[in-house]
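Heads up: the sequence shown begins at 2 in the working numbering, then just goes up one per residue.
Hints are all accurate, no fakes.
Below are the SDA-like pairs computed for lysine to any residue, each with C-alpha atoms no more than 25 Å apart in a straight line:
(1) 157 with 71
(2) 24 with 38
(3) 159 with 169
(4) 134 with 116
(5) 53 with 64
(6) 64 with 190
(7) 64 with 143
(8) 64 with 52
(9) 154 with 193
(10) 146 with 171
(11) 158 with 191
(12) 24 with 52
(13) 53 with 75
(14) 157 with 193
(15) 134 with 109
(16) 146 with 38
(17) 53 with 111
(18) 159 with 189
(19) 64 with 154
(20) 146 with 71
(21) 154 with 168
Across the chosen pairs, the derived CB separations fall in these ranges:
(22) 194 with 115: 47 to 55 Å
(23) 141 with 110: 21 to 29 Å
(24) 143 with 78: 17 to 25 Å
(25) 123 with 153: 37 to 45 Å
(26) 169 with 64: 17 to 25 Å
(27) 187 with 145: 18 to 26 Å
(28) 130 with 164: 35 to 43 Å
(29) 123 with 67: 32 to 40 Å
(30) 152 with 118: 40 to 48 Å
(31) 123 with 96: 32 to 40 Å
Note that these hints are calculated values from the structure, not bench results.
For each residue, glycine too, the CB sits at the ideal point set by N, CA and C.
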Amino acid sequence: MESNNEEKVQVVTTENEHIEPVKLWTLFKSTFMISAFTVGGGFVLIPLMKAKFVDEYHWISDKDSLNLVAIAQSSPGVVAVNASIILGYRMAGMAGMFTALFATVLPPLIILTAISYFYEAFASNYYVKMLLKGMQCGVTAVILKVVIDLLVKQFKKKLVLPLLIMIGSFIGAYVFDINIMYIILVDAIVGVVLMQSAKYD
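Build out the structure end to end from the sequences listed, making use of the hints.
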């Protein structure tokens, strides 16, 4: 059980939603566990963070999480690290940022250090390869679920422009293999120019 005197940081949100105060130890523990058991890169870490910090703890709003994920994706550097820095800062300021950052990089640092001593055994082990393939299937399912959830939310809003942006972005990335950075840049420009109306909030 967590201590009653555990440090808490009040979060300021841009929406009229019930946002709980952030406990730094809970933030560290949750981010550490997510990072330790995430296989497949930063894109897998993001939906798990959303499930934990938005859906379970209610520390940030769903809209804020999507905005911050877009920033993490479009910023230079590792997506998982960018996401942890931005989400940690959004949830609990500088203390939250350093807490989330340390908790995110610590598990892979420990695991990779251990693996480096037994690299040959890991690289050629049949069971390790099968284990990783099974994990990749699970990762695909997690990402697919998040995509479906986001699509359902957008369709419920019944706004044409966001749907067109999504479809156009998908076609550009999947069909024409356009660099994701260019797609995000174009989407950002469209958002600034055409989505100032309150109905798109």
